[in-house]
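From first to last, the protein sequence lines stand for chains A and B. Just so we're aligned: the first sequence equals residues 1 to 532 in the working numbering. Just so we're aligned: the second sequence equals residues 1 to 257 in the working numbering.
Each hint should be verified, as a subset may be incorrect.
Claimed, not checked - Per the computed footprint, the stretches of chain A lying under chain B, defined by three or more beta-carbons under 8 Å from a beta-carbon of chain B, are:
(1) 103-113
(2) 289-298
(3) 326-335
(4) 449-456
(5) 461-475
Note that these hints are calculated values from the structure, not bench results. For every residue, glycine included, the Cβ atom is placed at its ideal position computed from N, Cα and C.
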Amino acid sequence: MTAIAPYRSELGTGRDGFTQLLRAEWTKFRSVRGWVIGMLIGGLLIVGIGVLTGSNSECSVQPGPDSPSQACPAPPTGPEGGWVSDSFYLVRQPLAGNGGITARVTSLTGLYSTHGGLAAAGGSATAGMIPGVQPWSKAGIMIKASTAQGSAYAAMMVTGTHGVRMQWDFTHDLAGLAGKVSASAPRWLRLARSGDAISGYDSADGVHWTLVGTARLTGFPATAQGGLFAATPGYTKISTSLGGSSSTGGPALATGAFDHVSREGSWPAAGWTGQAIKAPADTALPASAQGFTQAGGRLTVSGSGDVAPATGGGGLSSVEQTLTGTFLGLIVMVVIGVMFMTAEYRRGLIRTTLTASPRRGRVLAAKAVVLAGVTFVTGLIAVAIAIPVGERLLHENGNPILPMPALTEARIAVGTAALLAVTAVLALAVGTLMRRSAGAVTAVIAGVVLPYLLAILGGVLPAGAQEWLVRVTPAAGFAIQQSNQQYDQVIATYNPANGFFPLAPWAGFAVLCAWAAAALALAAYALRRRDV
Amino acid sequence: MNALHAEWTKARTVAGPGALLLAAAALTAVVGVVAANATSCPGQACSVDPAKVSLTGLYLGQAVVAIIAVNAVSGEYSTGMMRLTLAATPRRWRVLAAKAAVVGTATLAAGAVAVLASVLAGSVLLARHGIDPAHGYEALSLGQGAVLRATAGSVLYLGLVALLGLGVAAMIRDSAVAIGTVLGLLYLFPIVAGLVGNPPLQRHLDQVSPMTAGLYIQATTNLSTLPLAPWQGLGVLAAWAAGALLAGGLLLRWRDA
């Protein structure tokens with residue numbers, strides 16, 4: 001009896017590495033004409049809507065009744081490159097080299113109007129205004145590089161309701177002594193310059209001093225302007241009830257009373273010069289209301305405006321506006337992501353796929369990698385075109401665009417592409433779980449786009465619920481596109497409709513990633529446990 | 001008549017449409033209850049539109065209605081049933097009309113239940129949170145002309161969304177692409193309108209947006225600030241639905257199945 005050798009194919013054993021799976025899935029993707037065209041359409045929609053928004057957003061102002069309209073002026077730019085508000089009343093003298101200034105503040109009072117209109121001509125500029133300070137009304141001492149708007153500075157100040165603060169270069173804010181200033185609880189403030197470093201001190205009695213902070217202002221000029229200042233943002237009432245949040249308000253004026261003003265270093269002997277720091281067109285409060293008086297050793301300074309970062313919103317354009325098309329592209333990519341899996345079920349191809357590669361988790365992983373790669377690259381190319389073209393069009397139409405560091409711009413571009421990729425993977429996972437196209441597409445769109453829509457739409461949900469929606473749903477991922485920053489020292493309507501998200505950019509993106517990861521894990525589990 | 005009966009049998013004898021219809025009604029009502037429960041306005045007068053808040057659920061419910069409508073057409077294409085249907089009823093317009101009648105009626109019935117439940121729940125919950133005539137708000141009762149219009153209009157809104165879904169699915173045939181198109185039409189207009197920094201363009205987008213304009217029917221306060229009157233707004237959605245049905249019907253006639 002001869003032993004019969006079992007049949008062996010003469011073909012070599014096929015490799016079943018992950019690379020082969022990737023190649024198989026890539027072949028499936030690129031050979032379906034509808035998906036490739038769909039991806040192209042998704043990318044074109046992102047670019048097209050960016051161009052459409054850019055070319056339809058016009059911004060112009062008319063400086064006078066007879067003058068031609070001009071492009072909207074951009075707010076001044078601070079030493080760190082961002083937009084700033086820099087209007088206030090400064091009582092100054094030049095300070096050469098190192099030195100310092102000390103002053104005691106005995107009161108901070110104010111006037112404000114609850115509506116936008118100013119007093120009629122003929123009346124005093126502050127007629128009809130109500131006494132009261134704003135939370136961030138400011139009066140104190142300041143050393144500033146020059147009287148130009150946006151120049152570097154460091155200041156110690158008393159505020160309406162936030163105690164003593166040290167602020168410098170618009171974005172930095174440190175807390176000093178708490179509590180309100182009054183004649184019985186005066187506040188002593190001191191600034192001392194040594195080279196590029198300016199240190200701020202405060203004291204309740206003028207004897208015991210506490211260091212609040214030290215600002216390092218690189219490139220601060222040898223001769224700077226030092227003195228007393230007062231400023232206050234306008235009265236703002238933000239109603240965060242239903243209909244999102246809206247703000248109403250009117251102009252305001254702050255008045256600080258100083259005494260025991262002393263100076264160290266080389267100051268001129270001449271008296272103080274008062275000057276309203278503001279843009280020529282700035283008419284928030286007539287200059288006649290601002291000013292200073294000097295009697296004996298006592299000075300009072302009245303000012304309006306704010307020395308703080310400008311937070312965007314309110315008609316100012318930002319780079320997000322060029323990315324409006326993301327939502328359209330996103331829906332196209334969600335549809336493709338779902339179909340990448342459900343089409344296999346509908347055509348029965350999934351049986352072949354799983355026979356060829358019985359390790360089902362790896363099939364899903366390969367699909368996710370291919371899909372994420374394709375959507376990321378498509379998204380990145382589209383965004384790389386949409387941002388510069390859109391910005392250029394916005395600029396040509398007179399819109400000043402919020403300046404931002406190159407790193408932030410890169411984060412927004414790459415983040416938007418990643419947002420598309422992760423959402424497509426989420427769609428793939430939901431498609432695997434549901435195996436039905438219509439249900440899966442709806443589930444993903446209702447999870448990603450609808451919460452964002454409800455969060456920016458006024459008059460539907462209360463503000464608290466709107467914020468909650470962009471915190472916990474996959475829509476939190478859109479936070480990766482925000483370019484505006486939120487500042488505690490500026491009161492504004494910080495809501496998604498104005499481009500502010502409750503979560504930081506990467507934290508919001510992480511929420512979306514967590515959803516995608518959870519859905520992918522569930523899908524892998526279901527794929528392995530189910531019959532095909 | 002036979003075509004109608006056939007469509008009704010198809011819808012009745014598979015689990016999908018019935019379950020989805022229930023889900024649409026339940027989601028609409030639940031979201032409405034959650035929104036009404038989350039709304040309060042302590043101390044100050046704020047611009048709450050009680051009818052609109054109670055009917056927030058439509059934003060989500062309409063998506064499920066769109067699935068039902070899209071599946072009624074696309075489902076037949078994916079299984080090949082469409083060839084049989086068209087062989088049995090060669091007058092293709094009649095097939096689409098029968099589908100529209102069945103899906104539309106079913107949606108109106110489920111929508112009526114969901115919308116009535118939302119308004120009733122809203123009237124109880126909002127009154128409990130101090131949003132009632134005693135605090136200067138409109139009473140949320142069907143006796144009020146505006147509330148009745150918002151309620152009836154919301155039911156019609158859901159019916160029109162179903163017809164829009166049906167028309168788009170007849171055009172596109174593939175369910176994933178069709179549902180993506182319908183939801184894109186509904187949700188993207190208000191997002192794009194919200195992000196463009198140009199008020200006149202924004203107003204135009206709102207006027208042609210099937211969802212934004214269609215939901216004006218829910219407004220009971222500050223009607224003068226709307227870009228369109230409530231019934232005109234619903235008319236915009238009706239025009240979209242009619243356009244989609246017409247295009248879908250023509251394509252159904254001209255194309256091979």
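Status of each hint after checking the structure:
1. 103-113: violated (count 0)
2. 289-298: violated (count 0)
3. 326-335: holds (count 6)
4. 449-456: holds (count 6)
5. 461-475: Result for this restraint: holds, n = 4.
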